[in-house]
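Line by line, the protein sequences are chains A and B. Its first residue numbered 103, the first sequence is counted upward by one per residue in my numbering. Its first residue numbered 2, the second sequence is counted upward by one per residue in my numbering.
Any given hint could be a false lead.
[Said to hold, decoys possible] Pair ranges (Cβ atoms, derived): (1) 289/A / 149/B: 39 to 45 Å; (2) 285/B / 198/A: 44 to 50 Å; (3) 107/B / 198/A: 24 to 30 Å; (4) 314/A / 162/B: 29 to 35 Å; (5) 259/A / 305/B: 46 to 52 Å; (6) 429/A / 77/B: 29 to 35 Å; (7) 167/A / 186/B: 56 to 62 Å.
Because the hints were derived from the structure by calculation, they are not lab data. Note that beta-carbon positions come from the ideal geometry of N, C-alpha and C, so glycine has one too.
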Amino acid sequence: MTGYPETLAAAVDLLRGLPRDRTGVPDAKRAVAAWRAAHPESRAQLVPDIRPGTTTVDYDLLVDHPDGGTVAITASVEDGVPWTIDHSTHWAASKVLSVDDEEISVQTALLTLRAHAERDRTVHDDLIDHCIFQLETAGEPEPSPEELQRASDDYRRRRGLYSRAAMSRWLEEVNLTPEAYQNHLYSVARANRFRDRVERESARTYFDDHIREFDQVSAVWVLGPESGLAELAGQDDPFSAVAAAVADLSGELTVQVADRMAAELPEPLRNAAEGSAVGPVPYRDTFLFGAVRRRRPARPDAVALAAAGRAAFTAYLADRRAKARIRWFWL
Amino acid sequence: MILILSSEDDRSVDLVLRKLLERGIEVYRWDPGDFPVSARMTSRLVGGAWRHTLVTADAEIDSADVSAVWIRRPRDPRAASDTMDPGYRRYVERIGRIFLDGWEDTFETRWFPARLGVLIRTQSKLVNLAAAAKLGFTVPDTTVTNDPEGLAVAWSEAGGRLMAKEVEALPYNFDGFGNAFYTTAVTRRHLTSRHRLVHAPVILQPRVDKAVELRINVVGDQVFTAEIHSQGSRATLDDFRHYEGTFTEYGVYDLPKDLERRCVELVRSLGLDFGCIDMILTPEGEYVYLELNPNGQWGWVEEVTGLPISEAIAERLAADERPAVQGVPA
């Protein structure tokens, strides 16, 4: 067993030998874990401090003092690099992409994505949710091999990456190392487990509290210009009116017939009573006219509870986003 | 004739060139980076004065015909690609530099903004900060040091609100990437690598709170001031160049007349005919001088504010010129 001064000196030597590039952080963590195993009384913990806009990492090492309390150590070696250069910023720190000579900054990229995003979700929501998942799953145990496999299968299926060659090509295209991909899967697997748990635990309560959302509804609806839909709405029987419009079409209408849960219908129809008609009302970038043919009360079967779980999780995330302190750095 | 010394990709030159040509003035643009590769230069001492000739692929310029030289962003002399040996290349480029320095120094004409030696001297923040302080500008308490222990001292004296700047912005690679040291707020973390200071000095100043940043462009007696609303974004909080782009708001600023006069005086006192001065307007309404760049970029200021800087430079350059094509007197 070594004394405290020796432990401290060894800790400094350890710190001075750690890789300073951000890609070396996993190696640094492994080195510290091994060192801690040899010096268990230190209860050493490595705190990487990744500087924004650079590839450089600083470290603090936290160790216990024999008389109680924490000692924080940092060490910077003399390697001849001037201070201004060591603390400089990568020229592309604010860039996401360049195409030929055209560069796109982080802030412009976020704005561009917002402009191009569909109306329901934006990449901003996805990024916020990513942070929420990271926060909520921080204490989760490591994913099992089965969970990792499921995450990988889902990921590859969604992108059509069925062969090893296609997968390698894709990793190269998006500039992702296999290690980085594995790390990503690790997060995805933990997020999946967290989502499954929230869905499972809150499905029944959500179902009971929002029971009408899970009614099985048979409905027909038409999307198109307001004037055309107003003509349909003026008829006594909306179903016959829609059928006649389809048979003798002039102009352009989108007609949809469905038998599904109320929550999955266009919003204006979700609470409509059996036999009632709705519209024309503004809907997305057009107008909607619709009618409910049949509405059967919800039953808590497996399909309805699964849908309730998903809805509960969406509501949970919306609530979590609303309560979070969100700070966009480049907007 | 007006001779412009700058690299081909210097777009600010294009703005002025157009205006000179519109005036019917003969202009030749040449990059000293093409010397000696594709240019022949001859200097003859005749009757105690040097007469210089520059021959390029498309022109022969006699120094006697040049009424003004505008030195903008010339590249350094460059050895031909068939001079492979690194030692020979260094020799060729060093000789080229020494010759060009002499050429510039003995080229008797009007130099805008000044001869290269003056530009290099006044680019030094030590020189232009002292000149500004002498003329009564409010200047931050400034330390320039490579003493590692000086860093923590300055940080404490600034109450932990210390800013660091390079003595001069030079290009370099770090871990294989082009990096830059922008004006940086010094944190406690920065202090832990104080030993690195010994390799290169740094400028340390207490943080000055900003309402807006001002870029003051002096051309002769004319002053064009742009305001930069750098405080609206975290990215540009400390250095508006950091992530400059479409997100920063710019405008034309009406500088108090007395301050305008002192800016002109400062530029003139440094032996310059042009200068870009960076100042801060504090939330309390105080104007604080930061630095002067004797050959700073002004094209972007004109682009975002519409201030007619290129027109003023063209006018200044053409002061001693008559259009090459003139009407015949009756």
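Quick rundown of the hints versus the structure:
no.: 1; hint: 289/A / 149/B: 39 to 45 Å; in the structure: holds, 41 Å
no.: 2; hint: 285/B / 198/A: 44 to 50 Å; in the structure: violated, 38 Å
no.: 3; hint: 107/B / 198/A: 24 to 30 Å; in the structure: violated, 50 Å
no.: 4; hint: 314/A / 162/B: 29 to 35 Å; in the structure: violated, 58 Å
no.: 5; hint: 259/A / 305/B: 46 to 52 Å; in the structure: holds, 48 Å
no.: 6; hint: 429/A / 77/B: 29 to 35 Å; in the structure: violated, 44 Å
no.: 7; hint: 167/A / 186/B: 56 to 62 Å; in the structure: violated, 32 Å
In this structure, the hints that do not hold are numbers 2, 3, 4, 6 and 7, in rising order.
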